[in-house]
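Those protein sequences? They're chains A and B, same order as listed. Going by the working numbering, the letters in the first sequence line up with residues 4 to 259, in that order. Going by the working numbering, the letters in the second sequence line up with residues 9 to 276, in that order.
Don't read these hints as lab results, they were simulated from the structure. Careful: at least some of the hints might be erroneous.
Beta-carbon label-pair distances, calculated as ranges [as the list claims (entries may be wrong)]: (1) A/Ile119 with B/Ser180: 28 to 38 Å; (2) B/Val98 with A/Gly140: 24 to 34 Å; (3) A/Thr6 with B/Lys90: 30 to 40 Å; (4) B/Val46 with A/Leu229: 46 to 56 Å; (5) B/Leu267 with A/His73: 51 to 61 Å; (6) A/Gly130 with B/Glu97: 38 to 48 Å; (7) B/Gln225 with A/Gly130: 52 to 62 Å; (8) A/Gln9 with B/Gln225: 38 to 48 Å.
This structure is a prediction, so every number in the text was calculated from the model and none was measured. C-beta atoms are modelled at their ideal positions from N, C-alpha and C, and glycine is treated no differently.
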Amino acid sequence: MNTVVQLEDVDVYYGNLQALSNITLNIEALDFLGIIGPNGGGKSTLLKLIAGLVKPSSGKAWVLGSPPCHTPGKIGYVPQRFNLNREFPFSVVETILTGRLTKNNLFLHRYTDKDILAVDEIMRTLGIYDLKDRQIGQLSGGQMQRALIARALVMEPEILLLDEPTACLDAGSKSQIYSILKDLNQYMTIIMVSHDMGVISSYVKSLACLNMDIFYHGVPELTDTLLGQVYGCPVELIAHGVPHRVLPHHPEEPNA
Amino acid sequence: MLEALLTYNFLQNAFFSAILASIACGIIGTIIVEKKLVMMSGGIAHTAFGGIGLSYFLGIEPLIGAMGFAVLSALGIRKLQKRTHISPEVVLGMLWALGMALGILFIAFTPGYPPDITSYLFGDILTVSHVDLLITVIMNLIIVATIGCFFNAFKTYLFDEEFAQVIGLPVSWLEDLTYVLIALTVVVLIRVVGIMLIIALLTAPPSIARQYTNSLQSTMLLSTILGIIFCSAGLWISYALGIPSGAAIIIIAVTTYFLISMFKSPTP
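Working from the sequences, and respecting the hints, build out all of it.
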């Protein structure tokens, strides 16, 4: 197995505000890593660091063997859909096509037939082909999320980063997104930030708990003590209809 | 009107500058509305007044000074935004007033009779000179060529800056370019509608166009056509009734926007 992301003692500051502290993390190729942690815990910052959108204030970071911002085209980034301008005059197909753009031939750039075929194929795979001419604001949350995943996938990336892809989606859309990701994971490393602790651990291959620094990185099995450490308070795990036990059985309540 | 247009040189100049202004306005106005840079553009326009004052003081072509101030303030606002943690609106508000204040100061220092500044504040399309027209043509060529040559890059950047950066587009460069193009557009519009009225001509046509189309290209094209209609109508009313052209154009544009928004069903 080769390591695709390597972080060594990385700190990230926004001005005086520390977002990440002392992160050391190795991610192997074809991993499906889920990142959980409280709001403001630096989950999105960690993704942005790997995507090359924020630079480490100190420490070293390598993505696919080079500094993060030197890997355009190899990293597919799916941002939180709430940050986008839904009013923008863009159709679904136009949005996804932007994933085919590279920095090399921007002058008088036209999308080729190959680009259009690639986009058509991905839209069919993700089941949004019928929506291709809709304005993006007219999509439902789940459809919008699939469009954003499609935009990242047409880049044919080696690593896919997703920032809370299932936030505010209904159970059906959620499992749809997760099963798409599971298929993709056969040939692509996936790193995903999420809040659905229950569901996440039944899909991901490994899990990282992040609150400024990494509390845990390993197999997706959570304990109460660990979650208490990460979130700073007891957290209840409720797995909605997922036939998978998140918490291992514990013999008795520790503080009862 | 048509006969007068063929006879009088000043009317031809006015008509040409109306068309050129509408093209710049259609393209950049759409970007301003979609990228929510309306107040920013207002600020850049008002700082340009400082440049007009300085030009009078130095005895050079006013639009050249306006261009210098507009471009520098546009890039300055960008720099300040990146460096300070204060909301950009606050910085913008101060620069907005500072530009006007400098303009007034330079004009007060200018020896001799004070020049007529109302045509720069409120526009006077009927007094557009050959030099103004030449400057306008050059600015327009720059705007159309820049956006035309890098259209797909601009589209990607306008929709999602972060994604544009991840795929390796020169986002910071595109952003600087956008601000400079806004500054150039301001210069094109100063003679037509004036500094105080620019915001309405930048925003009304794209806001109307957006109610009929969901594509960036058609929004730009339709905005340009609407701009030409508003400017020509304003020009005609101004010529026929002897009222200020800038005011006539803006009243027509904004009234049309309100009427269309009122009588159109909410979603397309």
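Structure-based check of each hint:
Here the CB-CB span from A/Ile119 to B/Ser180 is close to 30 Å, well matched to the stated 28 to 38 Å. Distance hint check for B/Val98 and A/Gly140: the Cβ-Cβ separation is about 31 Å, which falls inside the suggested range of 24 to 34 Å. Checked against the hint of 30 to 40 Å, the pair A/Thr6 and B/Lys90 passes, with Cβ atoms roughly 34 Å apart. In this structure the hint that B/Val46 and A/Leu229 lie 46 to 56 Å apart at CB holds, the actual value being about 49 Å.
Checking the proposed 51 to 61 Å range against B/Leu267 and A/His73 shows it holds: the Cβ atoms sit about 53 Å from each other. Roughly 42 Å separates the CB atoms of A/Gly130 and B/Glu97, a value that falls within the hinted 38 to 48 Å. Checking the proposed 52 to 62 Å range against B/Gln225 and A/Gly130 shows it is violated: the Cβ atoms sit about 28 Å from each other. At roughly 43 Å, the beta-carbon separation of A/Gln9 and B/Gln225 lies within the given 38 to 48 Å, and the hint holds.
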